[in-house]
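Numbering (this note's numbering), first residue to last: 8 to 459.
Quick caveat, the hints were computed from the structure, so don't treat them as lab data. Don't take each hint at face value.
Below 27 Å or equal to it, Euclidean Cα-Cα: the simulated DSSO-like pairs (lysine-lysine) are [said to hold, decoys possible]: (1) K392 - K326; (2) K287 - K271; (3) K271 - K326; (4) K326 - K400; (5) K10 - K20; (6) K79 - K116; (7) K154 - K10; (8) K415 - K400; (9) K116 - K127; (10) K271 - K116; (11) K220 - K287; (12) K287 - K400; (13) K392 - K415; (14) K23 - K154; (15) K10 - K23; (16) K23 - K95; (17) K95 - K79; (18) K79 - K127; (19) K116 - K20; (20) K23 - K79; (21) K95 - K10; (22) K127 - K95.
Distance ranges between label pairs, derived from CB positions [as the list claims (entries may be wrong)]: (23) R33 - G86: 39 to 45 Å; (24) S426 - K79: 30 to 36 Å; (25) D144 - T104: 37 to 43 Å; (26) A186 - G86: 24 to 30 Å; (27) Q356 - A300: 25 to 31 Å; (28) D419 - P132: 48 to 54 Å.
The C-beta atom is built at its ideal place from N, Cα and C for all residues, glycine as well.
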Amino acid sequence: NIKILTAEAINQKALKSEDRNALLARMTDEVGHLVLRNNYDQTGALSVMQSTAAADLDSHESFIESLQAQGKLDRVVEGLPSTEAFRKLRDQQLGLTRPELAVVMAYAKLDLFASLIASKAPDDPAFETLLVDYFPDELAVYGEARKHHRLRREIIATVLANRIVNLTGPTFAIQKRDAEGLDAGLVTQAFEAAYSAFHIDDLVDRIHALDGKTPAAAQTIMLSETAANLRLLAGSFASDADLVRSGSITRAVERYHDAIAEVKALLPTALSSLVLGRVKAREETYRAAGAPADVAHEVALIRALASARETVEIAEQTKWPLKAALFMQHQVGEQLGLDRLRAAARDLQPRDNWDRLAVQRVADDLPRQQSELAVAAIRHAQSAKARPGDLDKAAAGALVTAWIAPRKALADRLIQPMSTFDRHGDWSLAKLVLLGDAVREFVYSCRAETAG
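Work the whole structure out from these sequences, hints included.
Put into structure tokens, the structure is as follows:
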């Protein structure tokens, strides 16, 4: 690929042919570093996959069966378990071995690469930086030659496939494509939008920078948490109107990047005691494993920060300041029990891949539903001439309480069963789905009031 680029630069008279060999020699060390960096990322990704291999066994089996049915993989040739062997692993609560996971990862990247090449994602202008970063720094000056590189789409698709599989696991993008019918290019663009807008790129770099300074186990569990949240965030961005309409992640990233940083700074003051307690518990887990306090806190906060995109949209829709919108949003979540419902969805251990998808569907709906209810609560507050500039957590709580009061019967349908489930500790998929329906009914009721 470097030779193709330099040949194009020579054709364009941007590089003298007699200078080419000296240039290649000067880049030897950096090329080696780039190769090692790729190896480093894959090794780290395998460690994360290995740490959750038992929990992910069903999705790994489903992926292998799908590729085999399409004639893309022969599990005997690749030394992967048979159906009976998978059953035994499941009975023993074991996952695939590291070598087996490496095979699954390789096939995931190849399959996703093929889908990306067939999509429009590699043509997104926002991914030009991926092409620049792929090559050694000394080649950055040959911009025109790089634009005409005959394998530019393949290079971009390779970088994208590597990154999304490394950071979300082997089955996420492909599952979105096959189970939900989403274009793989759109899923990958949604991942890249989330990765940048939520500053996950910086956080991943900070976790990697802990090499030799903190136990590898601490890095692995923090990367596993980051991966889980990236999957959630990417799923939400897949329906982003700006991304779908423009075919580029640029507008979506510009819209949310700075605002999410603002929300992040305010978030601990807005969270309910339940969510704060869970954040602190995760933080203590990472610190106990050896992570430094600042990185442990950042990783522990990602789950709660996942709703920041909705915060921005609430503020835009209601014309309220971001801080006021944040307080109202989280008071709705606390007082209607949506925080508890989301926590239950996170804590459930689904029996198989289909149950996992059902839980995920409920969890995916909640941020949008909470956002719609927060807008309804703000509209009620606006009609009461509330002053958003003076709003703090307590004042937002009073406004939400006043909004809920005439809807107490609907609210009780949510809150009372949750209290029972919390007391007895007997949450289940069926209960989660039924309460999800109750949330939907509350939302529909608010819509009817608005329409009336």
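Here is what the structure says about each hint:
no.	hint	verdict
1	K392 - K326	holds (14 Å)
2	K287 - K271	holds (15 Å)
3	K271 - K326	holds (20 Å)
4	K326 - K400	holds (19 Å)
5	K10 - K20	holds (15 Å)
6	K79 - K116	holds (13 Å)
7	K154 - K10	holds (15 Å)
8	K415 - K400	holds (21 Å)
9	K116 - K127	holds (17 Å)
10	K271 - K116	violated (33 Å)
11	K220 - K287	holds (22 Å)
12	K287 - K400	holds (20 Å)
13	K392 - K415	holds (22 Å)
14	K23 - K154	holds (19 Å)
15	K10 - K23	holds (13 Å)
16	K23 - K95	violated (63 Å)
17	K95 - K79	holds (25 Å)
18	K79 - K127	holds (23 Å)
19	K116 - K20	violated (37 Å)
20	K23 - K79	violated (44 Å)
21	K95 - K10	violated (50 Å)
22	K127 - K95	violated (42 Å)
23	R33 - G86: 39 to 45 Å	holds (42 Å)
24	S426 - K79: 30 to 36 Å	violated (50 Å)
25	D144 - T104: 37 to 43 Å	holds (38 Å)
26	A186 - G86: 24 to 30 Å	holds (27 Å)
27	Q356 - A300: 25 to 31 Å	holds (29 Å)
28	D419 - P132: 48 to 54 Å	holds (51 Å)
Hints 10, 16, 19, 20, 21, 22 and 24 from the list above are not met by this structure, while the remaining hints are.
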